[in-house]
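**Student:** Take a look at the letters that make up each chain.
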Amino acid sequence: MSLSVKQLLDNKGIQAKPEHLETLESRWKGMQKLRGTLEGVKIEDADIGLRNIPGGDHIG
Amino acid sequence: MAKELIQKSVEELAPLLKDGSLSPVELTNAVLDHAEETQHTINAYMTIYREEAEQSAREAEKEIKNGNYRGMYHGIPMALKDNLYFKGKVTTMSSKIHKDFIPEDDATVVSKLRDAGVIFTGKLSMHEYAWGITNNNPHYGAVRNPWNTDMIPGGSSGGSGAAVSVGSSVASLGTDTAGSIRIPSSICGIVGLKPTHGRVSKYGCYPLAWSLDHIGPMTKTIKDAAGMMDIISGYDEKDPTSINTPVDQYLEKVKGDVKGLVIGVNEEYFFNEVDNEVDQVVRGNIKALTDQGARVEVVKIPTLKYAEWAELVTSLSEASTIHHEDMLKRPQDFGDDIRMLFELGELPSAVDYLQAQQVRRQLKQEFEEVFQKVDVLIAPTLPVVASKIGEDTVELNGNQVDLIDNIIRFTGPGNLTGLPALSVPGGFKGDLPVGVQIIGPDFSEALLLDVGYAIEQTNPMKNRKPPLLLKA
Chain A
0 MSLSVKQLLD NKGIQAKPEH LETLESRWKG MQKLRGTLEG VKIEDADIGL
50 RNIPGGDHIG
Chain B
0 MAKELIQKSV EELAPLLKDG SLSPVELTNA VLDHAEETQH TINAYMTIYR
50 EEAEQSAREA EKEIKNGNYR GMYHGIPMAL KDNLYFKGKV TTMSSKIHKD
100 FIPEDDATVV SKLRDAGVIF TGKLSMHEYA WGITNNNPHY GAVRNPWNTD
150 MIPGGSSGGS GAAVSVGSSV ASLGTDTAGS IRIPSSICGI VGLKPTHGRV
200 SKYGCYPLAW SLDHIGPMTK TIKDAAGMMD IISGYDEKDP TSINTPVDQY
250 LEKVKGDVKG LVIGVNEEYF FNEVDNEVDQ VVRGNIKALT DQGARVEVVK
300 IPTLKYAEWA ELVTSLSEAS TIHHEDMLKR PQDFGDDIRM LFELGELPSA
350 VDYLQAQQVR RQLKQEFEEV FQKVDVLIAP TLPVVASKIG EDTVELNGNQ
400 VDLIDNIIRF TGPGNLTGLP ALSVPGGFKG DLPVGVQIIG PDFSEALLLD
450 VGYAIEQTNP MKNRKPPLLL KA
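Protein sequences, first through last, are from chains A and B.
Under numbering that gives the first Met the number 0, the residues of the first sequence are numbered 0 to 59, in order.
Under numbering that gives the first Met the number 0, the residues of the second sequence are numbered 0 to 471, in order.
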C-alpha cells in the first residue's frame, strides 16, 4: 500500500492546501525520478561525515 | 556628480574617501537619493535607514579627516539582505511571520563591516525566508531586474543583486543555500562569491538550510569582493560550523595572472542542456583565459548525476524542519510558493535525507580527486538568463523548462560540497547578463578571485551598464 501525499502530510498534522496536492504529487514523483537507483553511490559504507565532538561544540 | 558617484565601485571610491577629495556624507546622500528614486521601479529595499546613515557618514567624515582611516570600506554606503541581524532593528526575512522581529545581537558579518567603517543605508528585499529564486515576494512586492524591469533579478538575494547593479548600494552581502548569491549575481551582471562553508561566520543569519547556508559578497568588481572577504572572513566561536584555519590576503593576491592555470571542464553535467548563447559566452571566456596562458583539461564527476536530488532532499528537509511549528500553527501566513515547498519538505524520509548526505560525501571526494589534476573548474553559473516576473518556466533553446529546477542545477553542487564558487560577469545574451562560474578546492577563494579578475580584465561586459543606472 502506498500512501498519497495528502495522507502522508495529514499523518504529520500538516494541512496541505488542496490546490497544491496535484503539484505536490507531481514534484514528489519528479524527485523519485531524479533519485533513480543511486547506482554507483556507496550507500552501505559511505560515511556521511558528521562528527561527534567530545565535550560539545564551540557555541559560546 | 551624484550620477558618476553611484556608478563607481568600492575600489574607485576608496582612494577618494581616503584622501578627502570625496566626503562620505556626499557619497551616502547620493546613494540614499538614488535608492529612494529607484524604489518604485526596482523595489530593492525593505527599509531605508536615512537618518542613521547620514549620522554614520558624518562620523566617518570626521574620523577620516582626523587621520583615522580604517581601510577600503570606510565610509562606503551599503545595504544588506534582510535575513542578517542588526541589533535592535526589525529583520523580516521578507516574511509576514517575522515582520516585527527584532534581533538582540548583530550578525558577526554586520559587526565586522561596522568595525570596518561601513555606513548601513538599509535592509534589502529577498525571496521570503530565502526559499526561492525569483524575489517575487507576495508580502512586499516583486524586486525588478535593472537590466530589464519585466524580468526577475534572481534570488533569493535579489534585492542585493538589483541594488548593487543599479547603484543603490555600493556593495552588499548575500546568502547562498542553492545558489542565492550566484544566481542574482549572474542575472544582474555583478560579482558574487560563495565562500567555502565555514570560512565566513553565519552567526546572526536566519537559516534556510543549516548544512547548505553560506554568506558572501555581492559587488560590482572582483577587487570589491576581495576587499570585503578581507573583512568578513575568519573563525567565529559563535558559529558551530566555522572553521579555524588561517585567512588569506584576498585583495593583495588579486593579480589576474593565469599563466599555467589548469582549468577543468566537465561536459556531462555543467555543459549539458545549456542555452546555446550562454554556452558560447562561457566558452568564449575560457578561450580568453587560454589565450593568456591557461590550459583546459576535461574531467569527469560521475556522482553529479545525483546532485539535484541530494540538493533538493537536503534543502527541503532542513528548511521544513526550521518552519515545522509554523506550518502546523499558521501555514496561511506563508506565501503560497514557499508554503508548497514546506509541504514538499515534509515528505522525504530519514533514509532519503541520510542517503542524500552519502551522495554529498561521495561527491566531495570526487571533486577533491579532480582538484588533484586541475586548479579550478569553470562552468556557466546558470544554464539560462533571467525569466519574466511571474512565470514558473524559462526558455531554454526553444523549450519552456521548469524555472527553479533549472536555475539551481549548476550552483547546487557548490552548496552540497561546501566548495567555494564565484560568479563573474562574462557577457550578454541580448540585453541580459550571463555569469561565468569558477569553482575551486576548499579555501581557494583567493585563487577564484584571481581567475575572476583575469576574466574581468578582458572587459566581457563591454562597459555596458543597466539602463536605469544611466538614467539616474
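No wet-lab data here; the hints were simulated from the structure.
The C-beta atom is built at its ideal place from N, Cα and C for all residues, glycine as well.
There's no promise every hint is true.
[What the hints assert, rightly or not] DEER-style ranges, computed between Cβ atoms:
(1) B/364 / A/35: 17 to 23 Å
(2) B/290 / A/20: 43 to 49 Å
(3) B/245 / A/24: 49 to 55 Å
**Student:** All the hints need checking, so say for each whether the structure fits it.
**Tutor:** Evaluation of the provided hints:
no. : hint                     : in the structure
1   : B/364 / A/35: 17 to 23 Å : holds (20 Å)
2   : B/290 / A/20: 43 to 49 Å : violated (54 Å)
3   : B/245 / A/24: 49 to 55 Å : holds (50 Å)
Violated hint for the displayed structure: number 2, the only one.
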